[in-house]
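Novice: Two chains, two frames, some hints: make the complex.
Chains as they are written, first to last, in the numbering used here: chain A, 184 to 410; chain B, 1353 to 1764.
No wet-lab data here; the hints were simulated from the structure.
Any given hint could turn out to be false.
Stated by the list, open to error - Here are the simulated DSS-like cross-link-like pairs (lysine-lysine), alpha carbons at most 27 Å apart as the crow flies: (1) B/K1366 <-> A/K318; (2) A/K267 <-> B/K1356; (3) B/K1603 <-> B/K1475; (4) B/K1356 <-> A/K323; (5) A/K189 <-> A/K267; (6) A/K323 <-> B/K1366.
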Amino acid sequence: MQLAIKISDLSFTWPGKDGFRLSIDNWQVQAGKKVFLYGPSGSGKSTLLNLLSGGIQAQSGSLEVLTEELTSLSARQRDRFRAKHIGMIFQQFNLLPYLSAEQNIQLTHMFNGKKNQLDSDYAKHLYEQLSLSDKLLQQKASTLSVGQQQRIAVARALISRPELIIADEPTSALDTELRDSFVNLLLINATDSTVIFVSHDRSLDPLFDQRFDITSLQAGMEVKDAD
Amino acid sequence: MLIKLTVASLLSRKIMAMLTVISIAVSLFVLLGVDHLKSELRGNFSRTVSGVDLIVGARTSQLNLLLFSVFRMGEPSNNLSWQSYQKIADEKGVSWAVPISLGDSHQGYGVIGTTPDYFTHFKYANKQPLVFEQGRAFTHLFEVVLGADVAKQLRYKLGDEVHLSHGTGKHSFSHHKHHPFIISGILNLTGTPIDQGVHIPIAAVDVIHQNQALENLPLEEQRLVSDKRGALSAFLLGVPNKISLLSLQRKINQNTDEALSAILPSVALMELWKIMGTVETSLSLVSALVLFSALLGMTTMLLASMREREREISVLRALGARAGVIIWLVVSEAFLLTLAACALGYLSLSLALLFSQSLLQQEYGLYISSLPLSPHTVWYFLLALGMAVILAFIPAFLAYRRSLVSGLALNR
Chain A
184 MQLAIKISDL SFTWPGKDGF RLSIDNWQVQ AGKKVFLYGP SGSGKSTLLN LLSGGIQAQS
244 GSLEVLTEEL TSLSARQRDR FRAKHIGMIF QQFNLLPYLS AEQNIQLTHM FNGKKNQLDS
304 DYAKHLYEQL SLSDKLLQQK ASTLSVGQQQ RIAVARALIS RPELIIADEP TSALDTELRD
364 SFVNLLLINA TDSTVIFVSH DRSLDPLFDQ RFDITSLQAG MEVKDAD
Chain B
1353 MLIKLTVASL LSRKIMAMLT VISIAVSLFV LLGVDHLKSE LRGNFSRTVS GVDLIVGART
1413 SQLNLLLFSV FRMGEPSNNL SWQSYQKIAD EKGVSWAVPI SLGDSHQGYG VIGTTPDYFT
1473 HFKYANKQPL VFEQGRAFTH LFEVVLGADV AKQLRYKLGD EVHLSHGTGK HSFSHHKHHP
1533 FIISGILNLT GTPIDQGVHI PIAAVDVIHQ NQALENLPLE EQRLVSDKRG ALSAFLLGVP
1593 NKISLLSLQR KINQNTDEAL SAILPSVALM ELWKIMGTVE TSLSLVSALV LFSALLGMTT
1653 MLLASMRERE REISVLRALG ARAGVIIWLV VSEAFLLTLA ACALGYLSLS LALLFSQSLL
1713 QQEYGLYISS LPLSPHTVWY FLLALGMAVI LAFIPAFLAY RRSLVSGLAL NR
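Okay, chain B solo, but in the shape it has when bound (with noise of 0.2 Å):
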């Protein structure tokens, strides 16, 4: 029945309600949009590559190498030649290697220059293999193996011709428009940027870029060739001793014909979290402060009401409300201002997501899952809902003192 009394109170302040649950509202919008941000980074980063234990690059920072070689993002420095490529793919203790070659685009879907093997060695997740969903991987020259989204969004299907264009913008005007590209298989989803792939034959690369026209090829070189030279971004070594592995990176380091760079990705993917920790640390404090103000700002304004509700207060005090009702009615408001907060935040956080998911996949290649009711969650509902009665004590006491101080303030 109190709890009946402090809603319809509320509601006779339905404008000052709502603004102050909407602040609140707003500020755990933030809180827990980092959070889950945070969170699902992580997840996005260190789903994608599994299985690859070296990657090699033209001599750059292995943040920089790690980035653009499995998460397509930035810019390969430099091109290293088909030589270093041949020469450690043949050291000791290397299993399995893999080209790459990046830098063309289709419809705004990056373009990968790679061999067969790219697909059985290369692994995401708890090392799980890529699967095609339909198809098989490219077997001629002139077959592109599509990912899951890049299928899904462009509407290709098996057997589709597919026109390939120079650089990486959506909009390129140099279109590569004399060699079209048979589909011959697609990806199943994994999550990752694989999904947004166009993988073609590394040694198509060179063809198109040469701009000859696919029926001046000689037959036998529309045939794929695995060991064509040409300029490579980067590659993928498998190498399964873990003592050769160290000893392999420093050689490479060390490499006197042409300056490279070998990365472990786990390391380079520890950088990367030091990294992002210094800037989730600062969002999660400075998101933790605009729900402090909000709080704050609740806090003052149930002050200010304690003006304008002192009539009702000292009408329920001379009908018997004992002072501890009046401490009740000023706490369970802020309680229930801040529920409604909790319940508005998460429900447009939840919409925000939903919507904006398919952006945030196509655009910049990340997965977000929507926003779960998790235990972290919970604990910052509880937070939020703990300091909101904390803070309103004070107005409440305030209210209580006076009742105690000035009797049932009849005709005031």
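Bound-form chain A, shown alone (with noise of 0.2 Å):
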């Protein structure tokens, strides 16, 4: 079975005197797993999360995504990389209010070097299940509710088919009924690929193939100056 995520030795320090160190001595996940992290806020969720999407290098030791060596990649390289194989969602889900909802799910394709290559049917297929109109699509993201946000922010996470999602606390700011629709469309749409989801609303975890606490995979949690 081929590994999505392959950690060993891995170490990272925030810049600054006070900064967070984040070291993992062993984690994998299996590709195609859903994949549940929860652990208490300052934990390194987000530390974590930036590793993996390569917006942040190790200092240390081995960090492997979809079999990419991420720690020998440059910056730029892990741009790419991130553009090409990793579609992301986030708290607030950070549509770009300027846009409209359809420029907003393609600005994936900008920067992924493969913009002509739209799949149009798979596109149509994925508006179509998350039911988002012609008329919605062309509105504003500033002028969308909630729920249509969440489904905006689904359909750009997933429109590149990326191998890895990872969703960065995405439900934080939903009431329940809206927290179970959007992981549910999340889940069903994202089938062939690998899925971190990152909470500390632990009410979810049955819904997800694995879990772990993010304490447990740190490998000696240490904050320095920690009175």
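Specialist: And the structure:
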């Protein structure tokens, strides 16, 4: 079985004298698994996601994502890797308010180097699945309701069929009903992808294949100068 | 596609973008305006007088003499006598002499008393002679030749009667109402103060000041007499031989009967340029500084907007935009703002010139052509754009650095 994520002896420290340090001795995720990652705030969830998506570079150790060794890639190569292989969803969905819904979805294609290969059949299928009407797609993102925004955010993360989807607390601003529908939409449409879903809301974890506590991944959690 | 993103982002910050564009446009307006007026003024002055070798007036500075005699700016400080004129006109080497007498006006247009020789000897631009659009030079005492603008603005045609007033104000109360002048000719447009001139026989100037009715003059007096005595403001000389020109100038300046000044128009113009040059340089310097401060203002605005755009930037980064894209977004934003400012500055200056053209022409006798899109103008635009791009690298680079250090800034 192929591994989507393979970490060994990884260590990262944020710059600054009180910088937070994350170190993971060993963690593997198989391709296609839906993983639920939880832990209290400040436990390093965002740092881990940043490392996985190539936003930051580990100081030591090995980090293989989709069999690519990220620690040997330059910042620019990691940006391209992210654009090509990773779909991301954020806490407040983070649509650009001045673009239309459709333009927001297609932003991914602007950066992943295969912009002319937008699979229109797949896009149509995806829009249908997420019940995104043409009218809705032409609307400015700033005019959309929260429920509409979450569907656009899912579409944006899935449109380029990424092998890995990273979702960072996407449900924290939603009420229970919207939260459940959001997670369902994501998981139904991301059957082929590996999903790393971060949340502190443990009531969601039965929906996932695997669940990890980030604090148990930490080799030796240490926060300098912690009084 | 990236440029679309820049435009959409800018449009979402309309008011800020508009104010920035306006502040840069205003500075470009001033910069281009000063530059244009500078070259137009030089052109105006240098095309006004040509083919006149010496200008003679009562003792005064050469600038004053040049300005009042040719450009109709300022007043003659003193008159000179007809005897001096005759004495110098008869000097060896003088091929022609034309007297002029100033001081009266008609509806704000200056009256020039002179002789018919004026129309044959006075030249403008590249030694172009004056041409009659209609009619001919005056041949009778109470005939008048109008400049093209006077005829056009006051809607005069050949044969109309003109009433002259004493003094140079537009609304003079002491009209010389007993002496109507008949229009004998209208000159072609020259683009010089000639167009603003009302030309009458110099003999008529004396007559109207004696306040006599035309009917009371003997018939032969009504005929134009060119050697009529009276007070003169200045006279123009043609001296073809350049060597005798300088000795004649010295001789006139040392004249003992009456204190006189003789000037070479080109030398006096040089002095004018020297004075204007200082003013022009300081104006250009000020407008360049204004442009620089407007661009600095834009940089400040960009820096401030970086904070509110942090989320936007981290979204783009997370979607795979490399850090270079962030730099590109900021720099292209500065470029677009400045480009819009160039267009706005150019258009508003063109419009302002269009609307002020006739006013400048009527009030100051200045012919300001409309704004050309010359290489010079384009150079200013390129300078502004270049400076904007360079300055934009400051906020762009800071945003780039921050995005590298803070990763994708998730959950901000």
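Novice: It remains to establish, for every hint, whether it holds in the given structure.
Specialist: Verification of the supplied hints:
1. For the suggested pair B/K1366 and A/K318, the alpha carbons sit about 25 Å apart, so the restraint of at most 27 Å is met.
2. The hinted pair formed by A/K267 and B/K1356 meets the criterion: a straight-line CA distance of about 22 Å does not exceed 27 Å.
3. The suggested pairing of B/K1603 with B/K1475 holds, with an alpha-carbon distance near 25 Å, which does not exceed 27 Å.
4. For the given pair, B/K1356 sits about 15 Å from A/K323 by alpha-carbon distance, which is consistent with the 27 Å threshold.
5. For the suggested pair A/K189 and A/K267, the alpha carbons sit about 19 Å apart, so the restraint of at most 27 Å is met.
6. Only pairs whose Cα atoms come within 27 Å are accepted, and A/K323 paired with B/K1366 is accepted, the gap being roughly 16 Å.
The earlier numbered hints are all upheld by this structure, with none contradicted.
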